[in-house]
Amino acid sequence: MILAFVVIGFLSLLVAGGGAAVIMGLSEDRNVWVSHTYEVESHIDGLRFHLERLASARRGYLLGDDAKFRAAYAASSAAIPAEIDALQRLTVDNPRQQRNIAILRPQVAQLTAALDASMAAAEAGGRARAAQAFATDDSAPQTRQVQQTASIMFAEEQRLLSLRVSAQAGYVRAFFVILAICGLLLAMVAAGSVWVILRYTRELARSRDGLRRLNDNLEQAVQERTTDLQRANDEIQRFAYIVSHDLRSPLVNVLGFTSELDAAARPITELLDRAEAEAPALVGDEVRRAVREDVPEAIGFIRGSTQKMDRLINAILKLSREGRRTVSPEPLNMNELVQGIADSLHHRVTEAGAEIVVEKPLPDVVTDRVALEQILSNLVENAVKYLKPGRPGRIVIRGRRELAKVIYEVTDNGRGIDPKDHERIFDLFRRSGVQDQPGEGIGLAHVRASAYRLGGIVTCESALDQGAAFQVSLPAAYFGEIMV
Amino acid sequence: MTHEQPVTILMIEDDEGHARLIEKNIRRAGISNKIHHFVDGTTALSFLFDHPEGPAKNGPGLVLLDLNLPDMSGTDILTKIKADAGLKRTPVVVLTTTDDKVEIQRCYDLGCNVYITKPVNYENFADAIRQLGLFLSVIQVPEIDGLG
Numbered sequence: 000m001i002l003a004f005v006v007i008g009f010l011s012l013l014v015a016g017g018g019a020a021v022i023m024g025l026s027e028d029r030n031v032w033v034s035h036t037y038e039v040e041s042h043i044d045g046l047r048f049h050l051e052r053l054a055s056a057r058r059g060y061l062l063g064d065d066a067k068f069r070a071a072y073a074a075s076s077a078a079i080p081a082e083i084d085a086l087q088r089l090t091v092d093n094p095r096q097q098r099n100i101a102i103l104r105p106q107v108a109q110l111t112a113a114l115d116a117s118m119a120a121a122e123a124g125g126r127a128r129a130a131q132a133f134a135t136d137d138s139a140p141q142t143r144q145v146q147q148t149a150s151i152m153f154a155e156e157q158r159l160l161s162l163r164v165s166a167q168a169g170y171v172r173a174f175f176v177i178l179a180i181c182g183l184l185l186a187m188v189a190a191g192s193v194w195v196i197l198r199y200t201r202e203l204a205r206s207r208d209g210l211r212r213l214n215d216n217l218e219q220a221v222q223e224r225t226t227d228l229q230r231a232n233d234e235i236q237r238f239a240y241i242v243s244h245d246l247r248s249p250l251v252n253v254l255g256f257t258s259e260l261d262a263a264a265r266p267i268t269e270l271l272d273r274a275e276a277e278a279p280a281l282v283g284d285e286v287r288r289a290v291r292e293d294v295p296e297a298i299g300f301i302r303g304s305t306q307k308m309d310r311l312i313n314a315i316l317k318l319s320r321e322g323r324r325t326v327s328p329e330p331l332n333m334n335e336l337v338q339g340i341a342d343s344l345h346h347r348v349t350e351a352g353a354e355i356v357v358e359k360p361l362p363d364v365v366t367d368r369v370a371l372e373q374i375l376s377n378l379v380e381n382a383v384k385y386l387k388p389g390r391p392g393r394i395v396i397r398g399r400r401e402l403a404k405v406i407y408e409v410t411d412n413g414r415g416i417d418p419k420d421h422e423r424i425f426d427l428f429r430r431s432g433v434q435d436q437p438g439e440g441i442g443l444a445h446v447r448a449s450a451y452r453l454g455g456i457v458t459c460e461s462a463l464d465q466g467a468a469f470q471v472s473l474p475a476a477y478f479g480e481i482m483v
Numbered sequence: 000m001t002h003e004q005p006v007t008i009l010m011i012e013d014d015e016g017h018a019r020l021i022e023k024n025i026r027r028a029g030i031s032n033k034i035h036h037f038v039d040g041t042t043a044l045s046f047l048f049d050h051p052e053g054p055a056k057n058g059p060g061l062v063l064l065d066l067n068l069p070d071m072s073g074t075d076i077l078t079k080i081k082a083d084a085g086l087k088r089t090p091v092v093v094l095t096t097t098d099d100k101v102e103i104q105r106c107y108d109l110g111c112n113v114y115i116t117k118p119v120n121y122e123n124f125a126d127a128i129r130q131l132g133l134f135l136s137v138i139q140v141p142e143i144d145g146l147g
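Residue numbers (numbering that gives the first Met the number 0), protein chains in the order written: chain D, 0 to 483; chain W, 0 to 147.
Below, in silico cross-link-like pairs of lysine-lysine (DSS-like), each with a Cα-Cα straight-line distance of 30 Å or less:
hint, chain 1, residue 1, chain 2, residue 2
1, W, K23, D, K307
2, W, K81, W, K33
3, D, K404, D, K419
4, W, K81, W, K100
5, W, K79, W, K33
6, D, K317, W, K100
7, D, K307, W, K100
8, D, K419, D, K387
Derived by calculation from the structure, the hints in this document are not laboratory data.
Please build the complete structure, drawing on both the sequences and the hints.
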């Protein structure tokens, strides 16, 4: 719409300009005609002049018989027909003037004939005759007639002139009007263009501001979210740390006083022994059972449970401590790192009658050495731990790069994991399958927490008796957490 | 008495059970020195610095310090003891559940003499306390000589 407006503006400017040019051309044409009129008038004037000179030269000659007058007469006499011819030629388009010329010609011819005759008579008859001829001169009315005709012609030209001049003035006026229109259009187009430009600029500025605001908001939102996450994470870490510490305090008491109980039970047992030996009647079955069975059993359970609780608390503590450790990424040679893990487990692996195959080359990665080492060695240890009895174990470690990620895979042909436990095994203190191996259910929880810390994930694919495949997917280059 | 002033033991420990266990084991180790027990940092500090029987006025002393106290951190007390000209030679044994390396490092940096983690395993704990008892009997002599 705005474009159409601009186009229309420029088109009308063009039309106005064209109109001005046309008017200019027409005016030029009028100019030519005006000067034509002036030319005709000058010829009429010339004719009048020569007629006048003809008459005065003749008078002079008749009175003074001077050769000078004679020559002037001859010159004007020759010029008059030429002037008339010129007039006829110039006014060929004007029938009125042609008619006037037709009247003029015989009148001039008559006049000049009369004058010529008087000149000839003067030449032939001498002074006296000439003076007589001058006295009886009848050329005056003829001269008046000629002059009158010339005046009519002049008037006619004046009429044309005034017509043409007024026409030209009209054209000039029209020209100025068009010029004014042009100016107006120009001003309008200019104003319109400026308006359009301003509007576009404003819109641009507005959308740019909007974008910047969005961008700022986005950054701010991300920052806020990151801060929130960081805070929540810190809170959890602190929570785990404090809880595990504060839980240990009562445990120290429980275990400590259990031992005190145990110690106190000893003299009681001795007393019972003595009583049985010296006064068996004093010892009832209840007392015997309490001292010999119930108390030691209770103490045993309390101690066992408390010790287990201590191990669990220590596991949480370890995880929280791991979470608080600063991640320091570095370029890692994975062939060396994985071979190192395989070598460190060599003894246990051969004992279990298994083998570890490292499929080299493994893609390299930039990440935290300790964390990745712990992840992989945990997975390989698990693979060694849960082999299928009676089947030669084979643990394969391979890796591949996918875009900006590296994936390391630890596969075994061991006893496998029930698919319903695939998520559960990553939970703290949760284990799967037959509980025939030592452990607290911490390893995989630790693996997953570490993988998250490195910006990656760990997943499991397995079925019972089908072996298991653990995949660790990490960013190929990890540069720590996004710090606020 | 050949020793004019036996070492006074200041136990700063908010957990009554722990305090009792520590005391029992110290006694079992054959240490019969007087034990003052404080359950918070404020009273412990006022005893340390201002009490007529405290080590500042009436040395020598030995401090058994738990780090997790209700009103302040044990490291604050440690810092104050080691910053005081009169108390800085008083041995401080940190006895706490924290086995965080950084925390242990920090205590040694602040001038703690022995750091003992309270193990849940009671036998280890008793052993540690008994060894502490041996330690106490060793440090008794130079402290007394220093004062005498």
